[in-house]
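K.L.:
Residues per chain, in single letters:
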Amino acid sequence: MALTPQELKARKVALLTALPGVVLDRGDAVPKLIGRHEDFLIVSGLGGVAHDVGSVTGDSAHVFPLSGAMGAPCMVGLGIALAQPKKQVLVVTGDGDLLMNVSALATISVMNPPNLAIVCVDNGHYGETGWQKSHTSLGVDLETIAIGCGIRRTMTVSTAADLAPASRFIREGNSTGFVLLRVKPTEPPHFKRNFDAAYCRERFRRALVG
Amino acid sequence: MDAQVDSKGVSAAAWQHDLYDLLRRHGITQFCYVPDAGHAVLIDRSLADPGAHSIALTTEEEGVALCAGADLGGARAVLLMQSSGVGNCINMLSLIKGGRFPFLTLVSMRGDFGEGNPWQYAMGQATPAVLEAMGVIVLRAERPEEVLDVVGAALTMVFKSGQSVAVLLTQRLIGAKPF
Chain H
0 MALTPQELKA RKVALLTALP GVVLDRGDAV PKLIGRHEDF LIVSGLGGVA
50 HDVGSVTGDS AHVFPLSGAM GAPCMVGLGI ALAQPKKQVL VVTGDGDLLM
100 NVSALATISV MNPPNLAIVC VDNGHYGETG WQKSHTSLGV DLETIAIGCG
150 IRRTMTVSTA ADLAPASRFI REGNSTGFVL LRVKPTEPPH FKRNFDAAYC
200 RERFRRALVG
Chain L
0 MDAQVDSKGV SAAAWQHDLY DLLRRHGITQ FCYVPDAGHA VLIDRSLADP
50 GAHSIALTTE EEGVALCAGA DLGGARAVLL MQSSGVGNCI NMLSLIKGGR
100 FPFLTLVSMR GDFGEGNPWQ YAMGQATPAV LEAMGVIVLR AERPEEVLDV
150 VGAALTMVFK SGQSVAVLLT QRLIGAKPF
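Going line by line, the protein sequences match chains H and L.
Under numbering that gives the first Met the number 0, think of the first position of the first sequence as 0, with each following residue one higher.
Under numbering that gives the first Met the number 0, think of the first position of the second sequence as 0, with each following residue one higher.
These are computed hints drawn from the structure, not numbers from a lab.
Hints should not be assumed to be uniformly reliable.
Said to hold, decoys possible - Now the in silico label distances, taken between C-beta atoms and shown as ranges:
hint, chain 1, residue 1, chain 2, residue 2, range
1, H, Glu127, L, Ile136, 32 to 38 Å
2, L, Gly115, H, Gly57, 38 to 44 Å
3, H, Thr128, L, Arg142, 48 to 54 Å
4, H, Asp140, L, Gln124, 28 to 34 Å
Predicted model, so just to flag it, every value in this text is computed and none were measured.
C-beta: ideal position from N, C-alpha, C; glycine also.
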């Protein structure tokens, strides 16, 4: 049964006090981390990150936004990165989305395209389905998994001071980069998503390859 | 790899080499796969080909998403998998259907003609139905001499007409495993 708004709010307050080490707000941190979004071809995952990215980029041709196919973003990003070695590709995904196909990190590290960076916005919860805890609230560390998969460049961002270095990190380097951005379990900024995947595909391709 | 000669005297490895050349002639540069004996030649050829990316997957659904990404980047990809992997792809195929992505997969069959491992039948027998339920057109190749025709038709359907197509390489073609 769906939670009432009051129950949801109570649950979120309890979550915030349960994660005292997490200080960043996604609405502030994601725009600062991405910086000049036109530097990238962007794949955004479902859930909160679709709103995070959309509020930075608007409904734009250089973004392919996923609103389903959970677990897809990293591999869509790999396909683009291999096809477009001269373009910088940025995948922005959530912790639940990444956990669903976390072994994609193993596949990506083997290929190791230097023009690919993955940002996981980790709020430790499944925000869209009622704020259930995800595995990252229960002891699973996605940066450690990325390292174990062989990703050579990784960092965890948990303070405001980390954001500027992280913004450089996703733009440079000679191997695939992975950033774990730890944020509070708060609502993402509102953005009206484009759900028409066929339209977004056409637009993305037309802008990129004509 | 040594060519295996079947009862009709047709070299199994020969059609597989011709198939790789056909895929490359049609501009495919990303070969992704969960390894299977039925795709061994294609996998080895892609690994040895400096003009192609050879992408070993941990699970087949990764390949569905990779094929979509390749298309977004203006490249062509093929997913090579065994029929048991088709089940792993189901929800990810919503990306192909929703985005109207061109999508080509070559599926080496288990659990059909002469299969000796009972575990393979559930997914093998469900493979065409599962693919069709997700909007993928299913073609079959039964004999070595028809493989290039069938895959050639699939290439036109996928990359000229934007369809998603699976070519089933049946156990009549690739041989049944006796275990």
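K.L.:
It remains to establish, for every hint, whether it holds in the given structure.
P.N.:
Right, here's what the structure says about each hint:
Between H/Glu127 and L/Ile136 the C-beta distance comes to about 33 Å, which sits within the given range of 32 to 38 Å. Take L/Gly115 and H/Gly57: their Cβ atoms lie about 57 Å apart, and the range 38 to 44 Å is violated. Distance hint check for H/Thr128 and L/Arg142: the Cβ-Cβ separation is about 49 Å, which falls inside the suggested range of 48 to 54 Å. A C-beta distance of roughly 41 Å is found between H/Asp140 and L/Gln124, which places it outside the suggested range of 28 to 34 Å.
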